[in-house]
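From just these sequences and the hints, can you work out the full model?
These protein sequences, in sequence, are chains A, B and C.
Okay, so the first sequence: first residue is 14 according to this note's numbering, each after it adds one.
Okay, so the second sequence: first residue is 860 according to this note's numbering, each after it adds one.
Okay, so the third sequence: first residue is 303 according to this note's numbering, each after it adds one.
Because the hints were derived from the structure by calculation, they are not lab data.
None of the values given here were measured: they were computed from a predicted structure.
Positions of the beta carbon are idealized from the N, C-alpha and C atoms, including for glycine.
Do not take every clue at face value.
[As the list claims (entries may be wrong)] Quick partial rundown of chain C residues pointing at chain B, CB under 10 angstroms, derived from the structure: (1) L349; (2) I437; (3) A450; (4) L471; (5) V622.
[Claimed, not checked] Chain C regions said to be covered by chain A (calculated; three or more residues, Cβ under 8 angstroms): (6) 453-459; (7) 493-505; (8) 606-619.
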Amino acid sequence: MKKKLLSVMLCITLTASMLVGCSGKPSSNGTTDTTPTKPAETNTDNGSGDAGSADPYATDGTYAIIVKSAGNPYNKKESDGYKQVIEAQGGTCVIQEPESATAEDQITCINNVVSQGVDAIAIAANDTDALEPALKQAMDQGIHVMSLDSAVNANSREVFVNQAGTREIAQTLMDAILDISGGEGNWAILSAASTATNQNAWIDGMKEVMQDSKYSKLNLIGVYYGDDQYQASVDQTAAILTDDPNVKVICAPTTVGIMAAAKVLQDEGLTGKVKLTGLGLPSEMADYIGADDAHSCPYMYLWNPIQLGNLAAYVSIGLVNGVITGAAGETFTVPDTTLGDNGSYTIKEAADGGTEIILGAPFAFTPENIAEWSAVY
Amino acid sequence: MEKKSLWKTITGSREASLVIVLIILCVFIASRNSAFLTPGSIEGLFKNYAVNFVLTCGMMLVLIIGGIDISIGSTLAFSGMTASLVLRDFPETSVPVAFLISIAVGTVCGLLIGAVVAYAKVPPIICTLGAMSVYRGLAYLIAKNEWVSASEFSKAYKAFAQSRYLGFGIINNLVVIVIILIVVFYIVMKWTPIGRKVYAVGSNAEAALVSGIKVTKVKLACYTILGALAGLSGAMFTSLYASSQGNMGEGIEMDVIAACVVGGVSLNGGRGSVIGVFLGTLIISIIGKGLPMIGVSQFWQKAIKGLIILLAVIINVLVQRQMDKAALKRREI
Amino acid sequence: MAGKSGRTIIAEEKFSLKKLLVRWETFLVIIFILVNIMNSNISDKYLSVPGLFNATNSFLSIAFLTLPMCFVLLIGEIDISVGAQVALSAVLLGISFNAGVPMWLAVIIALAVGVLCGFLNGIIAIKFTELNPMIITLGTQILFRGIAEMILKDQSTGGFTSVKWFSNLYWGKIGGVVPVMFVIFVICAVIFGVVMHKSTFGRRMYAVGSNKLAAKYSGINVPGMRLTIYTLTGLFCGVCAVFASSQMGSARPNVGAGYELDAIGMCVLGGVLTDGGKGNFIGAMISVFLLGLLKYGLGLVNVSSNIMLVVKGALLIFAVMIPHLNLGRFFKKKAVKTA
Chain A
14 MKKKLLSVML CITLTASMLV GCSGKPSSNG TTDTTPTKPA ETNTDNGSGD
64 AGSADPYATD GTYAIIVKSA GNPYNKKESD GYKQVIEAQG GTCVIQEPES
114 ATAEDQITCI NNVVSQGVDA IAIAANDTDA LEPALKQAMD QGIHVMSLDS
164 AVNANSREVF VNQAGTREIA QTLMDAILDI SGGEGNWAIL SAASTATNQN
214 AWIDGMKEVM QDSKYSKLNL IGVYYGDDQY QASVDQTAAI LTDDPNVKVI
264 CAPTTVGIMA AAKVLQDEGL TGKVKLTGLG LPSEMADYIG ADDAHSCPYM
314 YLWNPIQLGN LAAYVSIGLV NGVITGAAGE TFTVPDTTLG DNGSYTIKEA
364 ADGGTEIILG APFAFTPENI AEWSAVY
Chain B
860 MEKKSLWKTI TGSREASLVI VLIILCVFIA SRNSAFLTPG SIEGLFKNYA
910 VNFVLTCGMM LVLIIGGIDI SIGSTLAFSG MTASLVLRDF PETSVPVAFL
960 ISIAVGTVCG LLIGAVVAYA KVPPIICTLG AMSVYRGLAY LIAKNEWVSA
1010 SEFSKAYKAF AQSRYLGFGI INNLVVIVII LIVVFYIVMK WTPIGRKVYA
1060 VGSNAEAALV SGIKVTKVKL ACYTILGALA GLSGAMFTSL YASSQGNMGE
1110 GIEMDVIAAC VVGGVSLNGG RGSVIGVFLG TLIISIIGKG LPMIGVSQFW
1160 QKAIKGLIIL LAVIINVLVQ RQMDKAALKR REI
Chain C
303 MAGKSGRTII AEEKFSLKKL LVRWETFLVI IFILVNIMNS NISDKYLSVP
353 GLFNATNSFL SIAFLTLPMC FVLLIGEIDI SVGAQVALSA VLLGISFNAG
403 VPMWLAVIIA LAVGVLCGFL NGIIAIKFTE LNPMIITLGT QILFRGIAEM
453 ILKDQSTGGF TSVKWFSNLY WGKIGGVVPV MFVIFVICAV IFGVVMHKST
503 FGRRMYAVGS NKLAAKYSGI NVPGMRLTIY TLTGLFCGVC AVFASSQMGS
553 ARPNVGAGYE LDAIGMCVLG GVLTDGGKGN FIGAMISVFL LGLLKYGLGL
603 VNVSSNIMLV VKGALLIFAV MIPHLNLGRF FKKKAVKTA
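Next up, the structure:
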């Protein structure tokens, strides 16, 4: 009885699938024939698009952004910023969020957007090298590839939109540590995962900056890894405090780490004794920033992830429209004058051999402006 | 040979071997870092791992009935996130209400799992594997990929995990919750018919059924209790860290199961004690907190943790064998 | 007497189970077809041969783990250390390659590391039979990944793309269409399928999975079988590591995080349940493609990964729940009949 019913059902679904398959296929063929429309690309291929008659950043293409992972407001702001500009310029934006912050999941996302026939991919990489083969394949199919926030290696991108120069961040953070510590004393770094590309680059940069005699009285007691997880970061902060009770400054160049460290310092009542700085989201850190001894963090830095997304969007369109090619030395001006120097940017050589565009200097969040910014992001 | 004689000296119980492991660990860490065994550090340990203690109590129940639940991390995140969002959008929500919301969400999550496992007879690992992604996805979805940050929580909620008003000014609130739970679980599991029913279902479900125990109801209850405790943990977690993120509690299930197993709970069901579980959790927490304190390189900690877990369960087996042998000998005499 | 009745029960069960499994697979095929109908309707880019082959590539490297996992589950055990074994193998492949070892040798080293890891699991499992395999592999999972982290610290090891043939293992396509990995997977899958259903070893696995004690008394070398299967799992972790390294051109200690749950999920959806002694290899293979293509289809229309998580989990629960409900009723009827 049941078997009969099942076989009937099977037959029905089979015929249904055949019907759908038949009706679906021609239509899909029809659309795929018409979709590869990249007229805008060839229109303004003559380089410097400033003088062009129409808006060089107008587009009707499809642009994909692949963020590091789902469930993180920073990533969300980044993709929001990207989408905002793409849609304002007339394009279609595709956002892909990997389930977890791994290279494997991002490769799946790359595959998804390549199959959709996008014109450009902007990616915030979870791993510098692991995406190279996948992105190269995308580039072979004529898709423009750029990275933002966290770079892929020089072979697998046309240009990298850097939130702030690595060297610049390292210098800024070292100066902050020097200032907060009063010029001397022990300090520690609380980083994200030990494999985090950005954090490792910044930490290496800081170690380089430290060679200057100005910082000779500062003593780095160690780098601790909180894996960008709250509980682990709390444990690591506690470990810093027990390893060296005289530690004066903790520098956490990661949004989760700095929150965890701030929380520990406040709970332990050490806000007057141990100070904190680093990179953090203003909305998450609003409670902990203040000039007095009741707050652990006098000031910290970050860039605007929305603007980072905005700039990345203009750069993507620029690559597709041929306004820029991603070579070092090129200059371009985006319509949004709040970005960079009245909207103008220069593409520079990056330390890894590729090219990069730097969004701007890291922005300091102080007790004075934190209330204003914590409402924004 | 020497080893064997050493095992023989541990004749009391498996808990005794855990205490010895614990003492060795503590002495070793304390000898390297004198700050480890200070009252402040110990309170910090219990406070930061309060969530693990709460979860292991529930996990013990589920393991004793021969089940398993790997979705607790996701349940924690989902319920904690729900409570946090309520706190964010209705700042006047009081602390007990927030906790109750979280517990309620967790209870429903656990009830669903229990129903699927007990009535639809889906193997628990599969059901909770599915539930793990469902609840995690829901945690992200209700939060719309945002976090709830410290400034969005009410002052009272943030202060709860840092104050001692439940513990008469001596013991931290979270630690008080842990103590109450452990005492209740100890009494229930040891001296009440409910506890005996749980063990009966785990040792031999068919025999339990024949002897009139409603096996499906016991199973349902165990998963629901674990869900409720995961909900409680969600509130404790967000209160402790004054932050709520969709990925919180990721991977905590493995720590919790490891703690139970180290504490002598058998994954085959029917065996496990509250004291053992308590000691197991303590060992896992001490590894987590202690290794960074004695300057073990970050990159070695995972390997050492894995090794300790393996050794602990193997020692457990060896002790059990010794105990069985001794028992057999006594019987022969 | 006990032996006799035991044997007859097994024989009868096998017969009825077979019927059941036929139904279970038809059920899977129906879902598979429905998923494909849905996918081709929601995205007009779904039904394209190169697109689909690219999609299969992105989940087939994990699918290599489902092959031995079917065996592990069939004998009623579980191995949650596979992801960590993949990481350790991949890291050692990278380390040895960058130390100047030729790539072919590095690949062999990776496979050997996998075999060694699996062997360790197996040895612990047969020496300490009291321990549930879940506990053992939970411990070794942390241990193996820990060793990978000890070796590589915060670094990654790369440059594999310079070896063309290695890169082609994942990215190469025969005739520009069929991926090399797909072909290798199909070959491996056929071998595993034949072993599981047509060989003595396969029949013995079913016996061990249904009743270990009975199998032991009927002369099956249970420890030997367990050791073999765990080691085989290790070998295929090595294979997965090789493909993953080829896919990413580099290796890191965090490769393969969560692979174990994906692999187990695929097997279970395919009807190879964790109770042991039940399951059909074809079902597992259908579910590999079912889950992979479902994810691809939803990804094509940019469904948020959060929703995908919920869909994936719910599908797993419901798919296992529905036949289980039938199973309960079926067995009850059977019991009444025989009584």
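Verification of the supplied hints:
no. : hint    : result
1   : L349    : violated (27 angstroms)
2   : I437    : holds (5 angstroms)
3   : A450    : holds (9 angstroms)
4   : L471    : violated (29 angstroms)
5   : V622    : holds (5 angstroms)
6   : 453-459 : holds (count 3)
7   : 493-505 : violated (count 0)
8   : 606-619 : holds (count 5)
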